[in-house]
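Chemist: Here is what each chain is made of, one letter per residue.
Number of protein chains: 2
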Amino acid sequence: MKCYLECIPCFVKQAVEAGNILSASAKQREEILQKCLKLIINMDRDMTPPEAGMKIHSIIKFITGRKDPYQEIKDYYNNLGPAFYEKYKRKVKESEDGLLSSIRCAIAGNVVDFGVAGEFDAEKDIEKVMTQDFAYFDYDRFKKVLSGSRSILYLADNVPETFFDRILIEELKGKDIVYAVKSAPIINDATVEDALKAGIDKFAAVVESGSCAPGTVLSLCSSDFLETVKKSDMIISKGQGNYEALEDIGRKNVFFMLKAKCRVVSRHLNVKIGDIIFKANSD
Amino acid sequence: MKCYLECIPCFVKQAVEAGNILSASAKQREEILQKCLKLIINMDRDMTPPEAGMKIHSIIKFITGRKDPYQEIKDYYNNLGPAFYEKYKRKVKESEDGLLSSIRCAIAGNVVDFGVAGEFDAEKDIEKVMTQDFAYFDYDRFKKVLSGSRSILYLADNVPETFFDRILIEELKGKDIVYAVKSAPIINDATVEDALKAGIDKFAAVVESGSCAPGTVLSLCSSDFLETVKKSDMIISKGQGNYEALEDIGRKNVFFMLKAKCRVVSRHLNVKIGDIIFKANSD
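Protein chains in written order, with my numbering: chain A, 40 to 322; chain B, 40 to 322.
Hints are supplied without guarantee of correctness; some may be wrong.
Some but not every residue of chain A turned toward chain B, in silico, with C-beta under 8 Å [claimed, not checked]:
(1) I60
(2) L72
(3) M169
(4) A174
Capping the alpha-carbon separation at 25 Å, the derived lysine-lysine pairs in DSS-like fashion look like this [to be verified]:
(5) A:K41 x B:K66
(6) B:K241 x A:K77
(7) A:K163 x B:K269
(8) A:K41 x B:K52
(9) A:K132 x A:K74
(10) A:K311 x B:K167
(11) A:K94 x B:K52
(12) B:K212 x B:K269
(13) B:K163 x A:K311
(14) B:K269 x B:K163
(15) B:K163 x A:K52
(16) A:K74 x B:K77
(17) B:K167 x A:K41
(18) A:K130 x A:K41
Reference listing, derived: stretches of chain A covered by chain B, where coverage requires no fewer than 3 residues with Cβ under 8 Å from a Cβ of chain B [claimed, not checked]:
(19) 183-195
(20) 215-226
These are computed hints drawn from the structure, not numbers from a lab. For each residue, glycine too, the CB sits at the ideal point set by N, CA and C.
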């Protein structure tokens with residue numbers, strides 16, 4: 040998906056909000072804003088939103104002098120992770136359909152987002168997703184593809200979504216699972232370290248995709264990773280950034296799981312902001 | 040009130056949304072955005088938000104080649120105005136306290152806004168304001184100042200808020216009222232023509248302030264108007280733009296009536312977005 044004109048105010052908003060979140064100085068905030076505005080003026084409009092987001096957040100990293108500006112935020116959520124895991128793992132165990140319940144959990148974990156999302160209340164919003172109707176629900180197709188698949192590529196999104204991903208991955212018993220994370224810190228996206236903190240490595244091979252954007256942009260990925268994309272029987276793609284990067288991937292058996300968080304993506308999917316999506320791609 | 044850094048994404052959003060609302064061509068939309076971003080980079084940060092808004096919307100006017108890009112929108116709401124007037128005039132008549140009820144109406148009319156506000160549902164949002172709690176409620180002071188006042192300067196905001204203003208103005212019987220509108224079309228702010236369409240001239244002298252910004256920015260006003268500001272016994276200031284322009288006016292007996300529509304103004308007032316305000320200034 041290319042950037043729409045409506046993505047631009049959102050990038051500017053992210054630049055301003057990052058300054059607030061990171062308690063940057065007034066001078067740094069103004070500098071971040073100035074550099075981001077200049078970047079946007081000259082930006083290639085054919086870029087995907089995650090690529091543009093990567094450029095915006097590179098400016099934030101450069102000006103604040105921090106390689107991982109969202110480290111404290113990720114620490115906070117990584118600390119909350121085990122409690123989330125216990126609570127929702129129990130729900131899955133008690134549910135009639137463990138697989139479906141764990142998919143719901145994996146989507147619920149997608150609510151914590153310091154990029155595109157507006158304000159959120161993690162506990163409350165996660166609970167809401169647990170009972171919300173799906174705007175897309177390709178569960179039958181998912182089960183069919185799953186039963187015929189040996190290898191699954193699971194594209195991670197954020198922290199503490201990792202802990203919710205683990206719940207779903209544990210339900211995908213007997214499959215060869217590769218869990219792909221970003222190759223450098225970007226917003227609150229998961230890195231290898233975060234995947235390990237959620238204990239994903241006990242159930243899947245954790246790899247870096249090569250992308251340092253807040254989405255798995257294939258043109259930024261390593262050749263090893265592209266080989267994994269090619270040879271995997273099915274792909275589970277988590278979150279809006281991965282949807283933006285891969286909605287036109289043009290291969291079979293990709294399943295997008297996300298909460299639609301902005302007007303552009305919800306219009307693209309023909310759903311409402313806040314809707315939850317469990318959607319097979321159309322090849 | 041000066042522009043906050045958080046006002047900047049909102050200006051960019053307005054530039055993009057104006058392109059949508061006005062069905063501008065893709066080329067025009069991109070040009071509006073480019074020029075607005077360049078403007079913002081070089082913008083004096085001591086400006087009030089209405090001054091910055093005026094500059095943004097000047098670009099929109101210039102590129103679309105339309106003096107009053109929101110004419111059709113104002114026509115639409117001016118056509119709805121009489122029905123609004125009838126409905127809410129009746130509510131005031133049936134109420135126990137006609138003055139208070141008409142003040143509530145005047146604030147309810149403030150919900151229609153094509154500048155700062157996000158999406159709104161006019162009918163529903165107006166009804167909501169009619170029963171909502173006030174976040175500020177300086178009614179006793181208002182009544183006291185009103186009883187000692189002969190001349191009232193009433194600063195208009197938007198269309199069709201004009202029709203709701205008329206309801207309040209009709210309750211201010213026996214006072215000399217000046218109803219001040221903008222001197223040129225800007226977003227859906229009221230002009231002389233709009234005031235006449237609402238029949239305000241039957242109850243007040245309709246004047247232009249000199250300001251072509253979406254707020255009564257005194258430095259942009261005519262000397263005649265500044266004289267009126269000075270000699271009026273009290274001022275009723277409608278809407279967020281007038282609040283932003285005049286919250287530090289430094290004169291007695293100014294009453295702000297508005298719905299808080301953005302994070303910056305709600306933080307400035309220490310209220311929540313969507314709260315309704317009936318506030319005496321602190322001199």
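Chemist: Look at each hint and say if it fits the structure.
Modeler: Against the structure, the hints:
1. Taking 8 Å as the C-beta contact cut-off toward chain B, the hint placing I60 (chain A) at the interface is violated, the least distance being around 12 Å.
2. With a cut of 8 Å, the hint placing L72 (chain A) at the interface with chain B holds, because the nearest CB-to-CB distance is about 6 Å.
3. Look at M169 (chain A): its Cβ only gets to about 27 Å from chain B, farther than 8 Å, so that hint breaks.
4. Interface hint status for A174 (chain A): violated, as the beta-carbon distance to the closest one in chain B is roughly 19 Å, over 8 Å.
5. Using a Cα cut-off of 25 Å, the hinted pair K41 (chain A) and K66 (chain B) holds, with the two alpha carbons roughly 17 Å apart.
6. A threshold of 25 Å between alpha carbons decides the hint, and for K241 (chain B) with K77 (chain A) the separation of about 51 Å lies outside it, so the pair is violated.
7. For the hint linking K163 (chain A) to K269 (chain B), the alpha-carbon distance of about 51 Å lies beyond 25 Å, and the restraint is violated.
8. Using a Cα cut-off of 25 Å, the hinted pair K41 (chain A) and K52 (chain B) holds, with the two alpha carbons roughly 18 Å apart.
9. Taken as a hint, the K132 (chain A) and K74 (chain A) pair is broken in the structure, with Cα atoms around 50 Å apart against an allowance of 25 Å.
10. Distance check on the hinted pair: K311 (chain A) and K167 (chain B) sit about 23 Å apart at the alpha-carbon level, within 25 Å; holds.
11. Simply put, K94 (chain A) and K52 (chain B) have alpha-carbon atoms about 20 Å apart, close enough for the 25 Å limit, and the pair holds.
12. Using a Cα cut-off of 25 Å, the hinted pair K212 (chain B) and K269 (chain B) holds, with the two alpha carbons roughly 22 Å apart.
13. A distance of roughly 19 Å separates the Cα atoms of K163 (chain B) and K311 (chain A); the hinted pair therefore holds under the 25 Å criterion.
14. A threshold of 25 Å between alpha carbons decides the hint, and for K269 (chain B) with K163 (chain B) the separation of about 38 Å lies outside it, so the pair is violated.
15. Straight-line distance between C-alpha atoms of K163 (chain B) and K52 (chain A) comes to about 28 Å, which puts the hinted pair past the 25 Å bound.
16. With a CA separation close to 12 Å, the supplied pair K74 (chain A) and K77 (chain B) stays within the 25 Å bound.
17. About 38 Å separates the Cα atoms of K167 (chain B) and K41 (chain A), which puts this hinted pair outside 25 Å; it is violated.
18. For the proposed pair K130 (chain A) and K41 (chain A), the alpha carbon gap of about 38 Å is over 25 Å, so the pair is violated.
19. Under a criterion of three residues with beta carbons nearer than 8 Å to beta carbons of chain B, the stated coverage of the segment 183-195 of chain A fails, only 0 such residues being counted.
20. Three residues within the 8 Å Cβ limit are the bar, and the segment 215-226 of chain A against chain B gives 0, so the coverage statement is violated.
Violated hints for the displayed structure, listed by number in ascending order: 1, 3, 4, 6, 7, 9, 14, 15, 17, 18, 19 and 20.
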